[in-house]
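Participant: Listed below are the residues making up each chain.
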Amino acid sequence: MHELLEGLLLPSFQNDLLLERHDGATLTIAGTRLAFTTDSYVVKPLFFPGGDIGTLAINGTVNDLAMCGARPLYLSSAFILEEGFPMESLRRVVESMRIAAVEANVQLVTGDTKVVDKGKGDGIFVNTAGIGAVEHGLTIAPSSVRPGDVILLSGDLGRHGVAIMAMREGLQFESTIESDCGSLWEPVAALLAAGIEIHCLRDLTRGGLSSALIEIAEAAQVGISIDEISIPVREDVIGACEILGLDPLYLANEGRFIAFVPEHATTSALEILNRVAVSSGAVKIGQVLENPAGLVTMKSRLGTERILDMLSGEQLPRIC
Amino acid sequence: MKYLEEYRDPVAAQQFADAIQRTVTRPWKLMEICGGQTHSIVKYGIDELLPKQVELVHGPGCPVCVTPLELIDKAMQIAAQPSVIFCSFGDMLRVPGSSGDLFSVKAAGGDVRIVYSPTDSVQIAIQHPDKQVVFFAVGFETTAPANAMSVFQAKQMGIKNYSVLVSHVLVPPAMEVILGSPDNRVQGFLAAGHVCTIMGYKEYEPIAEKYRVPIVVTGFEPLDLLQGIYMCVSQLEEGRHDVENQYARAVRKEGNVPAQQLVAKVFRVVHRKWRGIGEIAKSGLALSPEFAEFDAETRFGVSAYTTEEDSECISGLVMQGAKKPKDCAAYGKRCTPDHPLGAPMVSSEGACAAYYRYRRLRSDDLVNVGNNTHG
Chain A
0 MHELLEGLLL PSFQNDLLLE RHDGATLTIA GTRLAFTTDS YVVKPLFFPG
50 GDIGTLAING TVNDLAMCGA RPLYLSSAFI LEEGFPMESL RRVVESMRIA
100 AVEANVQLVT GDTKVVDKGK GDGIFVNTAG IGAVEHGLTI APSSVRPGDV
150 ILLSGDLGRH GVAIMAMREG LQFESTIESD CGSLWEPVAA LLAAGIEIHC
200 LRDLTRGGLS SALIEIAEAA QVGISIDEIS IPVREDVIGA CEILGLDPLY
250 LANEGRFIAF VPEHATTSAL EILNRVAVSS GAVKIGQVLE NPAGLVTMKS
300 RLGTERILDM LSGEQLPRIC
Chain B
0 MKYLEEYRDP VAAQQFADAI QRTVTRPWKL MEICGGQTHS IVKYGIDELL
50 PKQVELVHGP GCPVCVTPLE LIDKAMQIAA QPSVIFCSFG DMLRVPGSSG
100 DLFSVKAAGG DVRIVYSPTD SVQIAIQHPD KQVVFFAVGF ETTAPANAMS
150 VFQAKQMGIK NYSVLVSHVL VPPAMEVILG SPDNRVQGFL AAGHVCTIMG
200 YKEYEPIAEK YRVPIVVTGF EPLDLLQGIY MCVSQLEEGR HDVENQYARA
250 VRKEGNVPAQ QLVAKVFRVV HRKWRGIGEI AKSGLALSPE FAEFDAETRF
300 GVSAYTTEED SECISGLVMQ GAKKPKDCAA YGKRCTPDHP LGAPMVSSEG
350 ACAAYYRYRR LRSDDLVNVG NNTHG
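If you read the protein sequences in the order shown, they are chains A and B. If you count the first sequence from 1, position 185 lands on 184 in numbering that gives the first Met the number 0, and the numbers rise without skipping. If you count the second sequence from 1, position 165 lands on 164 in numbering that gives the first Met the number 0, and the numbers rise without skipping.
The reader is advised that the hints may include incorrect statements.
Stated by the list, open to error - Derived pair list, reagent style EDC-like, types lysine to aspartate or glutamate, alpha-carbon separation capped at 20 angstroms: (1) B/LYS332 with A/ASP121; (2) B/LYS42 with A/GLU196; (3) A/LYS283 with B/GLU175; (4) A/LYS119 with B/GLU5; (5) A/LYS113 with B/GLU5; (6) B/LYS42 with A/GLU5; (7) B/LYS105 with A/ASP246; (8) A/LYS119 with B/GLU47; (9) B/LYS42 with A/ASP111; (10) A/LYS119 with B/GLU236; (11) A/LYS298 with B/ASP110; (12) B/LYS51 with A/GLU304; (13) B/LYS105 with A/ASP111; (14) A/LYS117 with B/ASP46; (15) B/LYS42 with A/GLU2; (16) B/LYS332 with A/GLU289; (17) A/LYS43 with B/GLU5; (18) B/LYS332 with A/ASP308; (19) B/LYS332 with A/GLU5; (20) B/LYS42 with A/GLU227; (21) B/LYS42 with A/GLU168.
What the hints assert, rightly or not - Each pair of labels, with its calculated beta carbon distance range: (22) A/LEU8 with B/SER287: 49 to 59 angstroms; (23) A/SER142 with B/PHE102: 52 to 62 angstroms; (24) B/TYR115 with A/GLU234: 31 to 41 angstroms; (25) A/ALA193 with B/GLY99: 45 to 55 angstroms.
Just so you know, the hints here were simulated from the structure itself, not pulled from any lab data. All C-beta atoms, glycine included, are put in the ideal place defined by N, C-alpha and C.
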């Protein structure tokens, strides 16, 4: 994916907005600053503990706007349905989207539906695009990240990834691990309302915390140092990861983000985040350094240091 | 988490590191056999905690790494057939064959599935009586019992559409190859805890005696490894060469006897080719005559196929502890986890991938990646 972006898409469509490589583009139209984003949802299984493809399709795009510091306003939605996809399942997905849109306070204002032949799709694919209003003067992007910034993580890692993996592989644990899927606009709005000088935001979807940090370190050409012991992961998620041979730092989340803020804002930003339900587990996990540019290092719990590297493809369960 | 956090405790880890420091008086080279141990060592930076006299060299115990190239090619040939559902452990899918990997077969329309247990493949065979279901039975002694059980079950249930592509390997013969080499640098071993969970450790006693090397059965968590290293270094300093068991919470001397009996029934010991190393006598398992009908090589007519390996990849030397990944000219440049030349760059247990993923920051590694001064 990283290679596809670097090797094909960025060179083909190069423009200043795209080169920011953010979750969405922030643009000015007739003096109004807007954020614009799109995402496609192809999750398997369609329904999982804590959500479904519909909740993801709304919250994913809402969160991409929130990560631009934009108030999510309007969404489009396009469905690609495989012939024979059960109407009942479609109703469930649409109902989830309706509820998620109400909760995130966005309106779905345009859309499209296509049907492909049986065997040419995977049940249902959903694309959503979104527009949000940028109501502040900050540039929330990797280019604003500065050495000395602290990195705040909004809560525990890995629940969405494990929920999906457990469902997909038919694995059962003592208690059901539910996806953390949710809207991230509320905590971002609270930070902005309090005047916190946010430098960058990134939700921790595909590729998890590690990939998000590496992308920002590369884009901003800064070093990032994090502390393993400060990163919250629930015990049941750790257990599942041990069994499956997965690393929580690379697991997808759908209701978690990192915020880069100036060091002096650490305490107030954490207090604000901790007051909002979806980010009540927020903690400081690390800091931005001048060097080594483009690299993320982690202090292990034993006090040793190692590099976090980009994942090649999916995480694969190990043999033994 | 119970029985996990305890073995990652920083204070206890430092105490072991200090104890090793107090014990060691001269340089020693230890080999950890298992790729899982290599992964933990590099992930937690265990080697950084050790005195400079103690050098860890990485052993051949990565099942993905030692599975011969031609077997990957055979797997791809079988998996590409439209009548086949090909089942494998996850990390075999990205191992490069002569051209492409099992993921490329899947991308081209092959039905390639990741399973967590070989007995899941038997279930798939029951659910798809119109398909041939093949399980890629690789690995060391650790995975052999479950793989044997799948074949045993299939025979008992009279399942005709299940077969296994087998390339099992055994640890002790590989240790003897390393110890018997005139270039051998290894003075003590951390034996692979999970292999010994199955096999016990009686079979290591003649090796320790013959080559006069200490062998410590060792687990995979940071404290396991540090304690195993401490026990091994203590033996070396005292001039002993015993087999000791650090991983007593999982390993008994006699091992898991019913599992061994099942393996002995379903499999027989054969000469086996190891990727990067070559053929080692009596170092592998193949199906015994009683279960020969479940052999995918025969069923799909690929037994005679052979192929040669990439000459640039020095994985064989890396896996025997003669070279470190950074000694390879291709490491980090022509060979990366995205584009692996050899299997050790694929699996997270492979020494090259572990180095690449976790160690590039250190100056010696950076020099190698940037300037190719080691090639």
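Participant: Any of the earlier hints contradicted here, and which numbers?
Facilitator: 1, 2, 3, 4, 5, 6, 7, 8, 9, 10, 11, 13, 14, 15, 16, 17, 21, 23 and 24
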